[in-house]
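Take the sequences, apply the hints, and build the full model.
2 protein chains.
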Amino acid sequence: MTTVQFPRVTIIGLGHIGSSIARAVKELGLTSELVVTDGSPAIRQRATEIRLGDRVAETNAGAVKDSDLVIVCVPVGNLGKVAAEIAPHLKAGAIVSDVGSVKGPVAREMAEHLPKTVHFVPAHPVAGTEDSGPDSGFAELFIDRWCILTPLPDADAAAVERLATLWRTIGANVETMTPDHHDLVLAVTSHLPHLIAYTIVGTADELENVTEAEVLKFSAGGFRDFTRIAASDPTMWRDIFLANKDAVLEMLGTFQEDLSKLTRAIRRGDGEALFDHFTRTRAIRRGIVNLGQDAAGANFGRPHGQLPPKKD
Amino acid sequence: MTTVQFPRVTIIGLGHIGSSIARAVKELGLTSELVVTDGSPAIRQRATEIRLGDRVAETNAGAVKDSDLVIVCVPVGNLGKVAAEIAPHLKAGAIVSDVGSVKGPVAREMAEHLPKTVHFVPAHPVAGTEDSGPDSGFAELFIDRWCILTPLPDADAAAVERLATLWRTIGANVETMTPDHHDLVLAVTSHLPHLIAYTIVGTADELENVTEAEVLKFSAGGFRDFTRIAASDPTMWRDIFLANKDAVLEMLGTFQEDLSKLTRAIRRGDGEALFDHFTRTRAIRRGIVNLGQDAAGANFGRPHGQLPPKKD
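Protein chains in written order, with the working numbering: chain A, 1 to 312; chain B, 1 to 312.
These aren't lab readings, by the way, just hints derived from the structure by calculation.
Quantities reported herein were computed from a predicted structural model and do not represent experimental measurements.
Treat the hints loosely; a few may be bogus.
Each pair may be met inside one copy or between any two copies, as identical chains are not told apart.
With a Cα cut of at most 20 Å, we get these calculated SDA-like pairs of lysine to any residue [stated by the list, open to error]:
id: 1; residue 1: K261; residue 2: D180
id: 2; residue 1: K65; residue 2: T235
id: 3; residue 1: K26; residue 2: H304
id: 4; residue 1: K116; residue 2: V210
id: 5; residue 1: K245; residue 2: Q256
id: 6; residue 1: K245; residue 2: V210
id: 7; residue 1: K261; residue 2: E250
id: 8; residue 1: K245; residue 2: N209
id: 9; residue 1: K245; residue 2: A273
id: 10; residue 1: K65; residue 2: A283
id: 11; residue 1: K261; residue 2: D205
Here you go:
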């Protein structure tokens with residue numbers, strides 16, 4: 001059973017994450033009035049059609065008026081701009097948060113614009129699919145996923161706890177860490193994997209001796225697993241790599257060293273080194289499945305067809 | 001409706017692929033007698049318990065006696081040895097095939113051992129999950145997956161067609177190409193992705209400033225997609241990289257160049273180059289889904305939980 005936690009909630013940016021939060025908050029009745037808006041007139045129009053909020057505001061400034069909780073769900077590169085835009089219109093005592101995948105530089109930029117009368121609590125739900133846009137969201141997206149809060153040193157503990165409660169209510173597990181540590185952790189668990197996936201999918205598309213049709217046809221050998229995350233929203237990911245440049249370049253350096261080691265083992269025919277490495281990585285998969293961060297079903301539980309009947 | 005295609009079929013090697021073929025052939029009644037065997041006594045014992053074949057043979061030599069079709073499903077590094085072992089015991093006119101993920105050097109090695117009285121038709125079903133062993137197989141594994149046949153220049157067309165018919169009957173689409181072209185295609189669609197996944201999962205495990213617990217917890221950001229294929233059978237993959245060394249090193253060179261380009265774009269803050277690249281890769285994912293080589297469901301259709309009821 002859930003109950004109203006904030007009399008008025010505003011969500012700015014109605015993509016995959018913003019529209020999922022809107023659905024969850026509305027479905028659970030966590031606010032008396034849900035106000036939503038987006039920079040794109042077409043998306044505001046769509047939000048009206050599918051009734052994403054109780055009210056669709058025309059402007060960010062109008063949307064945050066008298067709101068008790070404002071969650072800004074725009075690409076990382078626009079967070080500073082939106083913070084500046086809404087700052088003069090925020091109600092005193094309001095909580096302002098975001099869902100950006102990079103926290104250090106972005107949180108500092110937002111904090112500079114926001115008035116001292118509001119509580120700013122940066123957040124990052126580690127959830128999402130490769131889909132984008134207001135129609136792709138769903139209320140259950142955050143269930144059993146982590147939401148990382150990265151409060152700044154002067155944060156109000158009660159405000160942090162109120163935001164944490166909202167995230168827990170919509171299904172997430174909440175963890176708190178510093179913005180800069182968040183950026184290192186996500187560089188390895190999210191940003192580097194995306195960069196590698198984007199690279200290999202691009203590589204496969206450009207080969208001279210293997211056609212694109214062949215790559216697509218025989219992708220079940222492993223390649224297709226990379227294409228899911230390489231289909232993620234381009235604007236969102238451009239902004240992430242630009243904002244978290246230092247941590248990504250650091251992780252990339254370590255990855256390059258490790259790739260060189262495995263490459264050398266292949267070139268020298270060192271089967272033992274390969275075998276040892278491959279045995280170690282198998283255990284890591286098991287850890288992720290045991291923690292409930294992925295399904296145990298073989299092949300991601302991809303469905304298989306039926307065989308025809310046997311002749312008697 | 002299916003019918004007997006080979007009076008006697010032998011399967012050597014009862015891992016994920018071998019045991020799946022055994023199940024499919026038996027379930028569809030494609031042979032009057034299915035003989036199975038494996039180099040490991042424990043696996044032969046298990047095959048007897050779960051009745052994988054009509055008969056479990058103690059030796060490879062005994063298993064192929066009077067057989068009309070012999071499919072060798074052992075790791076690539078053992079194919080030559082098994083070919084030498086069974087060669088003197090094969091029935092004249094029998095078809096001999098394999099399921100190895102590398103074809104050029106391996107097919108030539110097997111061909112050297114096999115007598116001229118049998119028809120050798122190398123094959124590679126591009127299917128499988130990250131699971132291994134006789135219990136992990138299932139009859140539907142090959143449905144809507146590709147099976148690539150790589151007959152040598154002197155192959156008997158009728159024998160190739162009989163083998164193709166068997167693969168089609170158990171659900172696969174059949175494609176034919178030269179062994180060397182196969183190895184290039186698979187280097188990019190399968191071997192390079194596995195190598196990259198093995199690398200990045202290893203990298204994440206060794207960092208100083210991010211703990212393994214953090215990597216596992218926040219893996220939903222993208223990392224977990226890589227762990228599935230990095231959990232594949234270590235022996236099988238060691239053999240693949242050793243056998244397909246040249247093609248893998250060639251693809252790795254191209255991948256490294258592309259990764260350098262994206263790294264440079266991040267370092268220079270070139271958002272336009274990143275955006276253009278990410279937009280292109282998105283289209284490739286769509287191609288794979290359209291060809292039926294992956295499910296369209298967002299997030300691989302990973303299941304989500306339910307929200308609690310709302311308070312009235």
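Comparing the hints with the structure gives:
no.	hint	in the structure
1	K261 <-> D180	neither (29 Å within a copy, 26 Å between copies)
2	K65 <-> T235	neither (28 Å within a copy, 62 Å between copies)
3	K26 <-> H304	between (36 Å within a copy, 18 Å between copies)
4	K116 <-> V210	neither (59 Å within a copy, 33 Å between copies)
5	K245 <-> Q256	both (16 Å within a copy, 19 Å between copies)
6	K245 <-> V210	between (33 Å within a copy, 17 Å between copies)
7	K261 <-> E250	both (17 Å within a copy, 16 Å between copies)
8	K245 <-> N209	between (34 Å within a copy, 17 Å between copies)
9	K245 <-> A273	between (32 Å within a copy, 15 Å between copies)
10	K65 <-> A283	neither (51 Å within a copy, 40 Å between copies)
11	K261 <-> D205	between (26 Å within a copy, 15 Å between copies)
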